[in-house]
Each structure stands twice: as structure tokens, then as C-alpha cells.
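Student: The lines below spell out each chain.
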Amino acid sequence: MRRALSDLRPVYVIGIGLHKYQPASETTYVELGLTAIRAALRDAAIDFAAIESVYTGTALLGMAPARVMLRHLGASGIPIAQIENASASGSTAVRQACLEVASGVCDVALAVGVDKPGRIQLAQDSAGVPDLVTGHVPPFTHFALLAHDYMHRHGVRDADIAAVAVKNFRNAAHNPYAQRPKARTLEEVLAGPQISGALTRLQCCPVGEGAAAVIVASEEALCRFNINLARTVRVLSSVSRSERVYGAGQDPDTELTRETLAMACAQAGIAPTELDVVEFHDAFSIEELLYVEALGLCGEGEAAKLLAQGYFDIGGKHAVSASGGLLGMGHPIGPTGVGQICEVTRQLRGEAGPRQQPNATLGLTHMVGIGSVCVAHILTRNA
Amino acid sequence: MTSLFLEGTTPPRLRGQKCSVCNRVAFPPNPYGCEMCGAPVSALTEQPLTGEGHLKAFATTFLAPRKDMEAPFTVASIALKDGPVIRALMTTPTSETLNVGDAVQSVLVTKSEKPELRFTRMEKA
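So the protein sequences, as listed, match chains A and B.
Mapping of the first sequence onto this note's numbering: residues 1 to 383, in sequence order.
Mapping of the second sequence onto this note's numbering: residues 1001 to 1125, in sequence order.
Calculated from the structure, these hints are not laboratory results.
Here the structure is a predicted model, which means the values were calculated and not measured.
One thing to keep in mind: the hints can contain errors.
[To be verified] Mimicking DSBU-like on lysine-lysine, the simulated pairs with C-alpha atoms at most 35 Å apart in a straight line are:
| id | chain 1 | residue 1 | chain 2 | residue 2 |
| --- | --- | --- | --- | --- |
| 1 | A | Lys-20 | A | Lys-305 |
| 2 | B | Lys-1067 | A | Lys-20 |
| 3 | B | Lys-1067 | A | Lys-182 |
[What the hints assert, rightly or not] Derived Cβ-Cβ restraints for the label pairs, each shown as a range:
| id | chain 1 | residue 1 | chain 2 | residue 2 | range |
| --- | --- | --- | --- | --- | --- |
| 4 | A | Gly-128 | B | Cys-1022 | 15 to 25 Å |
| 5 | B | Asn-1023 | A | Leu-8 | 35 to 45 Å |
| 6 | B | Cys-1037 | A | Arg-3 | 23 to 33 Å |
| 7 | A | Arg-157 | B | Cys-1037 | 40 to 50 Å |
| 8 | A | Arg-3 | B | Gly-1101 | 46 to 56 Å |
| 9 | B | Asn-1023 | A | Phe-225 | 52 to 62 Å |
[To be verified] So these bits of chain B aren't anywhere near chain A, every CB distance computed over 12 Å:
| id | residue |
| --- | --- |
| 10 | Thr-1010 |
| 11 | Lys-1018 |
| 12 | Pro-1048 |
| 13 | Ala-1103 |
| 14 | Thr-1110 |
| 15 | Ser-1112 |
The C-beta atom is built at its ideal place from N, Cα and C for all residues, glycine as well.
Looking at chain B on its own, in the form it has when it is part of the complex:
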């Protein structure tokens, strides 16, 4: 399985996909075809998306959905500067420091052997 992000840039970029038939930009990528127009996967090209955006909404979950997960964790709905709105885990387990509209960026976190992509609030300059 290919990774969902590209390493080597700061912040890491996301592996988006662009449809050459209808121009839709989507994330996450898929190996099958375009959800908008039905073009086959051969029409989909990789379109790196910036790891920068802002918070549209977030929620801290206190009840672990599975036994192998730890709670609390915070998931956010993030509007990327490149257009798509995605959902991602935040680096902080709870959300006391977060506000709707806050600028956020992607960051790699190594919890087990493989790095995972999270988002973190950008400190105001």
C-alpha cells in the first residue's frame, strides 16, 4: 500500500489525486477511478497537496471505538489551502488549545515503526 503523504518537505505534503477528465482534486487517493466522473484510474494523476490549512471543526472522542485504540483523541475537519476539506488526527489528544479558524499544518509523528501524518496548530507569529 502506498503512503498517503510525501516525505521530504516541511510540512509534509499529502498525496492528492487529480482527474484529467473532470479536473476533480481528491484526497485520499484510490486505485480504482474518479468518484466525480467515473474515469478509470489511468486518468488519475498524483497531485501533491499542501499540508497547510485551517480548522473548520474538531471533536475530542473520549470513548475508544476499538480495544486497540487509546482515548481521548481529537479529529479535525481541515480545509486545505489547495481546496479539499479533509479529516485528520490532531497531535494533541484533547482540544483545549484549538479554535475554529486556527491555522494548522501537517507533521509526522512516529508512534510505532511507521510514521503517521497528524496536524498541529501553528503558533501565531
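Pulled out of the complex, with its shape left as it was, chain A reads as follows:
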């Protein structure tokens, strides 16, 4: 029988931690990861000995990176596994940790995302199914094509799409973990250099290094470790999907997002319009407009107009990418999806400082991974 997360034991986020996202440096991935994990353990006020299972989301470090890092926390013999799911690696690590706790296999699980920039080798290139554009459609060209199609269908201009980046940089300027922590004007975003189609450099996310960690636990563990319930956040749903065959010319990322987020909302028992904070996979500015509509926060073709009216600002109807998103906070691959859970948890606790969405009660995280896969979580305030 198929069951949703909500049919199983309740799962709570009890600790979050980050290492700043930043350009590649000499800092080892071990140092990055340990910084985030130790911050999460301090946040939860528990020791590593309490952790019963670890999933490490990473795409670029090579084989078997987890124990090399985790042993410095005290090698306790617990089960560990690496999760590679492209840009959704971290989100998938969170999902696996949630499922272990929900199923009763363990009471406290850690999801950590860590990566450093490295050579990206896509398996698709060796699949034996060549196409007419092999190598000529990197992600920025793929999304530039979607941007052009969207602009044509909805009469939207370059500047309307670039406004996504302006908002997200404004948010990132208040995020101490952001790789691009600087507010930018529309003119600066549009100034170029031009990368592909309407997309300028500042409308493409930076891929750097960093780490993020999330500790999830059962109700039994909340009691056993005397966790401060007011700072816990409940995971209402966790959904993971992969691309199907859609109609000719339909954008698979948008359609996959549409069905994944609809399932996430249904399983959480909420309407999308109830969401206070939303962290999308805004690797490219156009994505936020596509996904805002796919989620159902507004109708088709309305996102740019509502964005201009401040609807998606912190303090607006729905705060979208309050962290700065992938454009502003950065996209170090493995950490990104875990970092989204950190941001939403912070918002729901009311601890986001200058980035705080007032009275945030419900939040959603969303990542798309090349291929494509899509992973979403919905969280709610517990107190």
C-alpha cells in the first residue's frame, strides 16, 4: 500500500546549520561539511552520538566522501550513504532522512549537503542517444529558450524577468551565508555580460562551495533529548518525482514541477495560496516566474506583474526566495536543497532577522535536478 509521509510517524526538524556558500577556495570539503554539521548539532543542543543515520547529498566530490568527513565527529558505526540526484541531491538526502524517521527505522537522522566545484560529467552524454544540439544546450541555453517562449506567450520584457534577480539579491544582502550578498539595481542585472538569450550573468546562479545540515527527529526523540518544542518545525510532506512524457513543446521542468508541487500540497493538506515562504530552484531568473505559476500562487502569465507589485517580496503575500535563492545565496549543488530547509525552518521559527516574513506558518522548498527530477517539502511551525 502506498503511503504519504503524513500517514507515518510525525517528523520534526530540530537542528539546522550552514557553512557560507562561496567561490571555490582551499577549504576542504571536510571542513565545510563539519562546520555545517556542528552548527546543526549546537542548534539542536544534541551530540553527534544522538545521530542514528546520515545521508550526504553531494554530486561532485567523487566516490565515498561521507565517512572521510563524518569520522571526525566520532566514528559511531551508524549507517551512512551518499545521495547523488543532481541539483536535487541535498533535497533527496533530506527526504531519505525524513523517511527513516517517519518509518520508525530510527529516531534521529542527519541530512548534510556538501560540495566543491568540480568537473561535471553528465551520464546522458554517454547514453548512446545523440541529438541535434549535443553540447550546445547547457542549462543557461535551455532556460534562455524557455524565457524566450514565455516572453512571447505573455508579452513580457527582458526587464520583467531580470526583476526576479533584483528581488533575490535584495534578500541575499541580508543573508550572512549568501555567495552574492550584494543588492543590485535592475540596470546592473541587465548590464551583462549576456550569457544566452535574455539571460545575463547575474540572472544565472553562481556554483561555488559550501555546506548545509538538517537534523530531523521523531516525537520520542524530542522527549528523550528534551528538545525545545517552540523551535521545532514539522515536515508535513515530502514528494519526489521524475520526468514523464509531456505534450509536444511543453517544458518538462515546469510540468514536472506542477505535478510534484500539487502532490506536496495535497499530502500536506494545504492550498498553495496558504504558503507564506517558498524557496524555488531559481538557478535562472525565468524559473521563478514559471514555478510561481506552476505552484498556483497566481495564474498563467501573471507572475511578472505581481512580482513588480511586490507580491513575492519579504512582507508581500508570499515571500519567494527570502534566502536570496540560488541566484543570490548560490547553488553549490549538494548543499542547496538542504540549505532551503534551513531557510524555511529559520523563517517558521521567526529567527530570520531582517529577512523575516511576518507570521510565517507554512513554507515550501523545491529543487529540480537535471534529468529531470523534482523534490519538494512542506514544513509548518510546530508551536
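Chain A is already provided as a structure; the job is to place chain B on it using the hints.
Tutor: Frame of chain A, contents of chain B only:
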């Protein structure tokens, strides 16, 4: 590796594939099975697709994704008259002369030893 197009017609046709179980027509062809229904490759038959269609969207890329590539180049999303929407390189590196809805057709371009399939805008009659 078999070619993605059939030579000998103008414009050159594309080597599409049709599934005899679910009737899906797909491009590019694959040697494994149907993405729609999972039928094995033995159920897939070659289905030539016309090299004519119209532009749905296009984008000129200025940053070469690899060192062995030249930028700028223009990739288009093209709705073929036979149904599938495909992505292909245009003959022109930039897109000043292109508009959404323009009629386009396939054309062979020889850059190295092997001919490559590109699309070009059809001059209005």
C-alpha cells in the same frame, strides 16, 4: 552510430521513430525502447519526419559551454509540421533576422568531414 537524418531529399528529413504499441512519434531515435509505454526497441520503427516547421523560440548563446566550441551560436525550439517539437542549431550564429513563427527548414552544413543538420529561415515567397 547511425545518422540523425536522411540524405537525398530537400530539405533533408529527420530519422524519427514510431512506437507500434502506443503510436508515439519521437525524435531523436534511440536503440533501447519507447519512453512513453516501455515497449522494447523491436517495437520501434523508423518514421521519417519532414525537415519543415516553424520557430517556437530561439536563443543566442554568447558563452561557449566548452573550450572546443565557438560562440555565439543560436539554438531554436522548432515545431515540425509532423508534430514533434525539437531543438536544433540555426545556420546563423546570431538571431537578428529571426522571429517567433517564422517558417524554417533543415539544411546540411559541412563544417568538418561529416555533414551536420541545421535549420535555416525560409525566405518569404
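Student: Hint by hint, say whether it matches the structure.
Tutor: Okay, the hints, checked on the actual structure:
{"no.": "1", "hint": "A:Lys-20 x A:Lys-305", "in the structure": "holds (33 Å)"}
{"no.": "2", "hint": "B:Lys-1067 x A:Lys-20", "in the structure": "holds (30 Å)"}
{"no.": "3", "hint": "B:Lys-1067 x A:Lys-182", "in the structure": "holds (31 Å)"}
{"no.": "4", "hint": "A:Gly-128 x B:Cys-1022: 15 to 25 Å", "in the structure": "holds (22 Å)"}
{"no.": "5", "hint": "B:Asn-1023 x A:Leu-8: 35 to 45 Å", "in the structure": "holds (41 Å)"}
{"no.": "6", "hint": "B:Cys-1037 x A:Arg-3: 23 to 33 Å", "in the structure": "holds (28 Å)"}
{"no.": "7", "hint": "A:Arg-157 x B:Cys-1037: 40 to 50 Å", "in the structure": "holds (42 Å)"}
{"no.": "8", "hint": "A:Arg-3 x B:Gly-1101: 46 to 56 Å", "in the structure": "holds (48 Å)"}
{"no.": "9", "hint": "B:Asn-1023 x A:Phe-225: 52 to 62 Å", "in the structure": "holds (58 Å)"}
{"no.": "10", "hint": "Thr-1010", "in the structure": "holds (18 Å)"}
{"no.": "11", "hint": "Lys-1018", "in the structure": "holds (14 Å)"}
{"no.": "12", "hint": "Pro-1048", "in the structure": "holds (15 Å)"}
{"no.": "13", "hint": "Ala-1103", "in the structure": "holds (16 Å)"}
{"no.": "14", "hint": "Thr-1110", "in the structure": "holds (15 Å)"}
{"no.": "15", "hint": "Ser-1112", "in the structure": "holds (14 Å)"}
Going down the numbered hints, you'll see the structure goes against none, and every one checks out.
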